[in-house]
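Peer 1: The residues making up each chain are set out below.
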Amino acid sequence: MSLSARVVVQRGSLTLDVGIEVADGEVLAVLGPNGAGKSTLLRVLAGLLLPDRGSVVREGAMVWDDDGTHVPAHRRALGMVFQDHLLFPHLSVTENVAFGLRTRGVRKPDARAAAEAWLTRVGLDGLGGRRPGQLSGGQAQRAALARALVGDPRVLLLDEPLSALDARTRLTVRAELRRHLAEFAGSTVLVTHDPVDAMALADRVVVVEDGGVVQAGTPAEVNRHPRTDYVARLVGLSLLPGTGAGLAVRLESGGTVAVAEETSGPVFAAVRPESVALYLARPEGSPRNVWPVTLVGATPHGATVRCELAGEVPLVADVTATAFAELGLVPGASVWATVKASEVAVYTR
Amino acid sequence: MTRAREGTGIPAPLLIPAALGIAFLVLPVVGLLVRTPWSDLGTQLTAPGVGDALRLSLVSATLATLLSLLMGVPLAWVLARSRVRGRAVLRALVTVPLVLPPVVGGVALFLVLGRQGILGRWLFEQFDVTIPFTTTAVVLAETFVAMPFLVISVEGALRAADARFEDAAATLGADRWTTFRRVTLPLVAPGIAAGAVLCWARALGEFGATITFAGNFPGTTQTMPLAVYLALQQDPEAAIALSLVLLVVSLATLLLLRDRWLGRTTAPAA
Numbered sequence: 005m006s007l008s009a010r011v012v013v014q015r016g017s018l019t020l021d022v023g024i025e026v027a028d029g030e031v032l033a034v035l036g037p038n039g040a041g042k043s044t045l046l047r048v049l050a051g052l053l054l055p056d057r058g059s060v061v062r063e064g065a066m067v068w069d070d071d072g073t074h075v076p077a078h079r080r081a082l083g084m085v086f087q088d089h090l091l092f093p094h095l096s097v098t099e100n101v102a103f104g105l106r107t108r109g110v111r112k113p114d115a116r117a118a119a120e121a122w123l124t125r126v127g128l129d130g131l132g133g134r135r136p137g138q139l140s141g142g143q144a145q146r147a148a149l150a151r152a153l154v155g156d157p158r159v160l161l162l163d164e165p166l167s168a169l170d171a172r173t174r175l176t177v178r179a180e181l182r183r184h185l186a187e188f189a190g191s192t193v194l195v196t197h198d199p200v201d202a203m204a205l206a207d208r209v210v211v212v213e214d215g216g217v218v219q220a221g222t223p224a225e226v227n228r229h230p231r232t233d234y235v236a237r238l239v240g241l242s243l244l245p246g247t248g249a250g251l252a253v254r255l256e257s258g259g260t261v262a263v264a265e266e267t268s269g270p271v272f273a274a275v276r277p278e279s280v281a282l283y284l285a286r287p288e289g290s291p292r293n294v295w296p297v298t299l300v301g302a303t304p305h306g307a308t309v310r311c312e313l314a315g316e317v318p319l320v321a322d323v324t325a326t327a328f329a330e331l332g333l334v335p336g337a338s339v340w341a342t343v344k345a346s347e348v349a350v351y352t353r
Numbered sequence: 005m006t007r008a009r010e011g012t013g014i015p016a017p018l019l020i021p022a023a024l025g026i027a028f029l030v031l032p033v034v035g036l037l038v039r040t041p042w043s044d045l046g047t048q049l050t051a052p053g054v055g056d057a058l059r060l061s062l063v064s065a066t067l068a069t070l071l072s073l074l075m076g077v078p079l080a081w082v083l084a085r086s087r088v089r090g091r092a093v094l095r096a097l098v099t100v101p102l103v104l105p106p107v108v109g110g111v112a113l114f115l116v117l118g119r120q121g122i123l124g125r126w127l128f129e130q131f132d133v134t135i136p137f138t139t140t141a142v143v144l145a146e147t148f149v150a151m152p153f154l155v156i157s158v159e160g161a162l163r164a165a166d167a168r169f170e171d172a173a174a175t176l177g178a179d180r181w182t183t184f185r186r187v188t189l190p191l192v193a194p195g196i197a198a199g200a201v202l203c204w205a206r207a208l209g210e211f212g213a214t215i216t217f218a219g220n221f222p223g224t225t226q227t228m229p230l231a232v233y234l235a236l237q238q239d240p241e242a243a244i245a246l247s248l249v250l251l252v253v254s255l256a257t258l259l260l261l262r263d264r265w266l267g268r269t270t271a272p273a274a
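These protein sequence lines are chains B and C, in that order.
Each residue of the first sequence is one higher than the one before, starting from 5 at the first, in my numbering.
Each residue of the second sequence is one higher than the one before, starting from 5 at the first, in my numbering.
Chain B extracted, bound-state conformation (with noise of 0.2 angstroms):
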């Protein structure tokens, strides 16, 4: 494991108790409402908060114990990009990307090339001399990734990275990080509220309620299994990744699945689970998505039930506790499944 930590942090009425572990090249998403102690567990991470108790380890190496080890921030060769960029305002794009590697002794000529070379790989190239207060939200954010990753760090800590973008932007600069996430080869901990972060981007998802894990899995286990109503609402959206024809996205597994927005490339459908109708017969009449599904799993939460259906498009449907009884639906039955095509959102992979 190239990072693993135990942390125990009070803060105020909220006791913060979490254990997480990432291995090398592996994005691990930390996914909570607000005020759920994410953020205190990404900067216990950074050293920038020191923990009630606990430990970090990186690479084999305590950067932080009990017994009173302590490295401090500026020695932990991380990068981290935070949810609102800050980016020094009087420094210049370049200076902003070439700051880690000054401060770590790099000579003032080498550090602006591999800034500049960053800026490029991050599509800002040209736009170096500016002032962040001239870039859009977007192209900041790029930067801040550029000023993380230039340093070759061993850790990046993402800390909400794309909420503050406009949604037009989130779904561009998602995808981008995506790229750079697959080829970083670090540990990744992606601090975020929004599951399609954690679904799009991580490897494997700690979901973190009140202080506590209460759920870790890969996404699409804590999608099709959510062990607390939290979690269910939450989370429960399908990604299936296909290409976009048109009207219409050929998925990956082999499905197609019709849409209200024409697109092209490689796209995500997403589907919520209450989107999601079951029939014991094909229906007659107007949805486009009709596919059969095999039941193949059922958690009841609340007044609902999540079915796991697999098949050419796997898909998770809430169905209430009633429908679901009516249906005399057991592991393995087969059903059809439909979704409208205004109910499927399709986003840019």
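Hints were generated in silico from the structure; no laboratory data involved.
These numbers come from a predicted model, not from an experiment.
Yeah, the Cβ is synthetic: ideal placement off N, Cα and C, and Gly gets one too.
Incorrect hints may have been included.
[As the list claims (entries may be wrong)] Stretches of chain B that chain C covers, calculated by requiring three or more beta carbons in the stretch to come under 8 angstroms of a beta carbon on chain C:
1. 71–78
2. 101–107
3. 202–216
[To be verified] Facing chain B, according to a computed beta carbon distance under 8 angstroms, are these residues of chain C, among others:
4. Ala165
5. Arg168
6. Phe169
7. Asp171
8. Ala174
9. Leu176
10. Ala178
11. Asp179
12. Thr182
13. Val187
14. Leu191
15. Pro194
[Stated by the list, open to error] What follows is a list of derived Cβ distance ranges for each label pair:
16. B:Asp71 x C:Ala92: 57 to 63 angstroms
17. C:Arg89 x B:Val75: 24 to 30 angstroms
18. B:Pro113 x C:Leu70: 31 to 37 angstroms
Got chain B; can you put chain C on it based on the hints?
Peer 2: Leaving out everything else, chain C in the frame of chain B:
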């Protein structure tokens, strides 16, 4: 009444005292300008001693400001950023010279740095250094009185600046000293400049502590305010001319400050 409400929107019970207040602040300055012996101004200002007093004032106020910057900016950082215990007490101590009558400050300085003072005796015996009634004493008296203005101003700027920029610097490998030099200082530079101007203006006008601790010796400790006071007793025309010089310097400071304060609202970008 109706006209006031429609015209300026100021109710009469506020308008009249406010107008009186303006008159009270502006009339003395107008009086000064009216009584200025414009025809003799050249002679008055070139009279022996005037140049010396002006030079001494400018030099000592500038030195006092530099000294205040050297000590005051780090002190402001400690007050705004560190987690030392008893910070509230420390801040109260720093602001004491703000409320202390300057004469009392002068007496206090004398008790510490005078030849019989705690530090002064040691300085005299060990190094044969005497501070009271020297230009050094002028600078120290001005620093004592003016530095709190700088500290308060810079501390406010530090508190207003987003400390998370310093977190970002730490994650980029900058230790606290590098962070202070390369991030914090540039971020609060407008606040430091405003504080320095305030501090300089206060030092320039210093009277009580200076005359108590440094005396009134033309050429070495007689600054402009002391020269004005002395002139008023012997030659009121000269006092007016000297006051005019201080007024011009003050107005220039005010203009400089206004630009700084306007610049400050645009400097820290989100």
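Peer 1: For a quick check of understanding: which of the numbered hints are violated here, in increasing order?
Peer 2: Checked against the structure, the hints that fail are numbers 3, 4, 15 and 16, while the rest are satisfied.
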